[in-house]
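Colleague: Sequence:
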Amino acid sequence: MDFKYMYGKQADQYSFIHIPKMLVTEKIFTGITIHAKVLYGLLLDRMGMAVKNKWVDERNRMYVVYPIQEIQKDMGVTRKKARECLTELENAGLIEKHFRGMGLPSIYYVKDFAVA
Numbered sequence: 354m355d356f357k358y359m360y361g362k363q364a365d366q367y368s369f370i371h372i373p374k375m376l377v378t379e380k381i382f383t384g385i386t387i388h389a390k391v392l393y394g395l396l397l398d399r400m401g402m403a404v405k406n407k408w409v410d411e412r413n414r415m416y417v418v419y420p421i422q423e424i425q426k427d428m429g430v431t432r433k434k435a436r437e438c439l440t441e442l443e444n445a446g447l448i449e450k451h452f453r454g455m456g457l458p459s460i461y462y463v464k465d466f467a468v469a
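Heads up: take any position in the sequence shown, counting from 1, add 353, and you land on my numbering.
Since the hints were derived computationally from the structure, they do not count as laboratory data.
Keep in mind the model is a prediction, meaning the values are calculated, not measured.
One thing to keep in mind: the hints can contain errors.
What the hints assert, rightly or not - Per label pair, the in silico range of CB-to-CB distance:
#	residue 1	residue 2	range
1	G429	F466	18 to 28 Å
2	R432	Y367	21 to 31 Å
3	G361	K433	42 to 52 Å
4	V377	E449	18 to 28 Å
5	Y360	P458	36 to 46 Å
6	F452	M359	37 to 47 Å
7	G401	E449	13 to 23 Å
8	M375	V418	21 to 31 Å
9	Y360	N413	37 to 47 Å
10	T378	R453	28 to 38 Å
11	F466	N413	31 to 41 Å
12	K362	Q425	26 to 36 Å
13	A467	N444	16 to 26 Å
14	P420	V377	21 to 31 Å
Stated by the list, open to error - Below, simulated SDA-like cross-link-like pairs (lysine to any residue); rule was C-alpha separation at most 20 Å, straight line:
#	residue 1	residue 2
15	K434	K405
16	K450	T378
17	K450	E437
18	K450	V418
19	K434	I460
20	K390	M375
21	K434	V391
22	K464	V377
23	K405	A467
24	K464	Y358
25	K426	I460
26	K390	T378
We treat Cβ as the ideally placed atom computed from N, Cα and C, and that holds for glycine.
Generate coordinates for the entire structure from the input sequences, incorporating the hints supplied.
Modeller: What follows is the structure in structure tokens.
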């Protein structure tokens with residue numbers, strides 16, 4: 354492909370997924386795949402939507418709603434891979450999943466690992 358150069362304000366036209374540097378550089382996170390780290394970045398990005406939609410539980414904890422189908426679409430992965438990434442993040446303690454049932458998507462509490 355022959356991609357075009359960017360000029361002037363064009364360089365500011367994209368939104369970005371932020372993946373905390375610590376997830377990439379700290380030894381404690383070396384066992385987490387890059388796919389799971391990207392998903393964590395996507396979940397962090399969803400926190401903006403959580404604030405806007407007031408997704409807060411009775412204990413004042415923010416959560417995100419991110420249906421598995423949307424994760425698949427956003428990451429370009431299979432359902433199995435999306436679930437594996439979620440499981441990785443859960444096992445690492447970076448997210449906590451709550452199943453809601455009744456056809457509703459699960460909710461995810463995205464944990465702030467940098468706070469001691």
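Colleague: Now tell me if each hint is right for this structure.
Modeller: Tested hints:
no., hint, result
1, G429 to F466: 18 to 28 Å, "holds, 26 Å"
2, R432 to Y367: 21 to 31 Å, "holds, 27 Å"
3, G361 to K433: 42 to 52 Å, "holds, 43 Å"
4, V377 to E449: 18 to 28 Å, "holds, 22 Å"
5, Y360 to P458: 36 to 46 Å, "holds, 41 Å"
6, F452 to M359: 37 to 47 Å, "holds, 43 Å"
7, G401 to E449: 13 to 23 Å, "holds, 19 Å"
8, M375 to V418: 21 to 31 Å, "holds, 26 Å"
9, Y360 to N413: 37 to 47 Å, "holds, 46 Å"
10, T378 to R453: 28 to 38 Å, "holds, 35 Å"
11, F466 to N413: 31 to 41 Å, "violated, 19 Å"
12, K362 to Q425: 26 to 36 Å, "holds, 33 Å"
13, A467 to N444: 16 to 26 Å, "holds, 19 Å"
14, P420 to V377: 21 to 31 Å, "holds, 27 Å"
15, K434 to K405, "violated, 29 Å"
16, K450 to T378, "violated, 25 Å"
17, K450 to E437, "holds, 13 Å"
18, K450 to V418, "holds, 10 Å"
19, K434 to I460, "holds, 18 Å"
20, K390 to M375, "holds, 10 Å"
21, K434 to V391, "holds, 12 Å"
22, K464 to V377, "holds, 17 Å"
23, K405 to A467, "violated, 23 Å"
24, K464 to Y358, "violated, 38 Å"
25, K426 to I460, "holds, 18 Å"
26, K390 to T378, "holds, 12 Å"
Hints 11, 15, 16, 23 and 24 from the list above are not met by this structure, while the remaining hints are.
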